[in-house]
Amino acid sequence: DGGITQSPKYLFRKEGQNVTLSCEQNLNHDAMYWYRQDPGQGLRLIYYSQIVNDFQKGDIAEGYSVSREKKESFPLTVTSAQKNPTAFYLCASSNIDGYTFGSGTRLTVV
Amino acid sequence: GESVGLHLPTLSVQEGDNSIINCAYSNSASDYFIWYKQESGKGPQFIIDIRSNMDKRQGQRVTVLLNKTVKHLSLQIAATQPGDSAVYFCAENKGGGADGLTFGKGTHLIIQP
Chain F
40 DGGITQSPKY
50 LFRKEGQNVT
60 LSCEQNLNHD
70 AMYWYRQDPG
80 QGLRLIYYSQ
90 IVNDFQKGDI
100 AEGYSVSREK
110 KESFPLTVTS
120 AQKNPTAFYL
130 CASSNIDGYT
140 FGSGTRLTVV
Chain B
13 GESVGLHLPT
23 LSVQEGDNSI
33 INCAYSNSAS
43 DYFIWYKQES
53 GKGPQFIIDI
63 RSNMDKRQGQ
73 RVTVLLNKTV
83 KHLSLQIAAT
93 QPGDSAVYFC
103 AENKGGGADG
113 LTFGKGTHLI
123 IQP
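Sequence order for the protein chains is F and B. Residues 40 to 149 in my numbering are what the first sequence spells out, letter by letter. Residues 13 to 125 in my numbering are what the second sequence spells out, letter by letter.
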């Protein structure tokens, strides 16, 4: 079955450490996205990529970085510059038929 | 501020009743709208979508209504079941490009037995 996989499901990191969240899709979608969700809130766009080797900042890109070296993969790095990194992170991909979301990674920084 | 929002953070309904969840948007250029269902700890699950050239679309037990005059979107769930309990988000895609969705804050639908 085609789908989008995020790993790990839960991630704990110490404050000041960078951490990379994985997102892989086998849907052959050109576009991929990273969203952040805080409790009781909607999703907010961090970064997106419409094609390999290209990506754009979303609404809340500060403190995050991404790469898109392969069509299937869009890893997100949460850097030490991100002031409040604890959140639920969702990856998505899309084509003309619509969007597909992963099951999310819950990052907790202690 | 947010482009898309929902009127109520929580909606409580009796099992078997119909539910109506509302959403207001402010961007007239938005041409594609989606309703998602999100259960605790999971990613959003697609429910139904509608394009701006339509005012109504029906799925299985769900109907989405779009009123472009007042920039209002609603999701109707018929004969609500316990499994419908979740947070429901509306989202908009401005201009049809692959530049991401803008989400509202969500309505938590609670089903009472």
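Since the hints were made in silico from the structure, they are not lab data. Just to be clear, a hint being listed does not mean it is correct.
Listed below are several chain F residues computed to face chain B (Cβ distance under 7 Å; list not exhaustive) [what the hints assert, rightly or not]:
no., residue
1, Y49
2, F51
3, A70
4, P78
5, G81
6, L82
7, Q89
8, V91
9, N92
10, F94
11, S104
12, L129
13, S133
14, G143
List time: in silico DSSO-like cross-link candidates among lysine-lysine, alpha-carbon distance up to 30 Å [to be verified]:
no., chain 1, residue 1, chain 2, residue 2
15, B, K54, F, K122
16, F, K53, B, K83
17, F, K96, B, K68
Each pair of labels, with its calculated beta carbon distance range [to be verified]:
no., chain 1, residue 1, chain 2, residue 2, range
18, B, T22, F, G137, 37 to 43 Å
19, F, P78, B, G28, 28 to 34 Å
20, B, G28, F, K96, 43 to 49 Å
21, F, N123, B, V82, 34 to 40 Å
22, F, R52, B, I32, 20 to 26 Å
These numbers were taken from a predicted model, which means no experiment stands behind them. Cβ coordinates follow ideal geometry from the N, Cα and C atoms, glycine included.
Results of checking the hints against the structure:
Here the hint on F/Y49 is broken, as its CB sits about 10 Å from the closest CB of chain B, past 7 Å. Of the supplied interface hints, the one on F/F51 is violated, with its beta-carbon coming no nearer than about 16 Å to a beta-carbon of chain B, more than 7 Å. Restraint check, F/A70 versus chain B: the minimum CB separation of about 4 Å is within 7 Å; hint holds. The beta carbon of F/P78 is not positioned within 7 Å of any beta carbon in chain B (closest approach about 11 Å), and the interface hint is therefore violated.
Taking 7 Å as the C-beta contact cut-off toward chain B, the hint placing F/G81 at the interface holds, the least distance being around 4 Å. Nearest Cβ of chain B to the Cβ of F/L82: about 4 Å, under the 7 Å cut. The hint holds. The interface hint given for F/Q89 is met, as the beta carbon of that residue sits about 5 Å from the closest beta carbon of chain B, less than 7 Å. The interface hint given for F/V91 is broken, as the beta carbon of that residue sits about 13 Å from the closest beta carbon of chain B, more than 7 Å.
For F/N92, the suggested interface contact is broken, since its CB lies about 15 Å from the closest CB of chain B, more than 7 Å. For the restraint placing F/F94 at the interface with chain B, the shortest Cβ-Cβ distance is roughly 11 Å, beyond the 7 Å limit, so the hint is violated. Interface hint status for F/S104: violated, as the beta-carbon distance to the closest one in chain B is roughly 17 Å, over 7 Å. For the restraint placing F/L129 at the interface with chain B, the shortest Cβ-Cβ distance is roughly 5 Å, inside the 7 Å limit, so the hint holds.
Using the Cβ-Cβ criterion of 7 Å, the hint placing F/S133 at the interface with chain B is satisfied: the shortest such distance is roughly 6 Å. Hint on F/G143 holds. Least Cβ distance to chain B is approximately 5 Å, under the 7 Å limit. A distance of roughly 24 Å separates the Cα atoms of B/K54 and F/K122; the hinted pair therefore holds under the 30 Å criterion. For the given pair, F/K53 sits about 44 Å from B/K83 by alpha-carbon distance, which is inconsistent with the 30 Å threshold.
For the hint linking F/K96 to B/K68, the alpha-carbon distance of about 33 Å lies beyond 30 Å, and the restraint is violated. Separated by about 28 Å at the C-beta atoms, B/T22 and F/G137 break the suggested range of 37 to 43 Å. Here the CB-CB span from F/P78 to B/G28 is close to 30 Å, well matched to the stated 28 to 34 Å. At about 46 Å, the beta-carbon gap between B/G28 and F/K96 stays in the expected band of 43 to 49 Å.
About 35 Å separates the C-beta atoms of F/N123 and B/V82, a value consistent with the hinted range of 34 to 40 Å. Between F/R52 and B/I32, the C-beta spacing of about 42 Å breaks the proposed range 20 to 26 Å.
Hints 1, 2, 4, 8, 9, 10, 11, 16, 17, 18, 22 from the earlier list are contradicted by this structure; the remaining hints agree with it.
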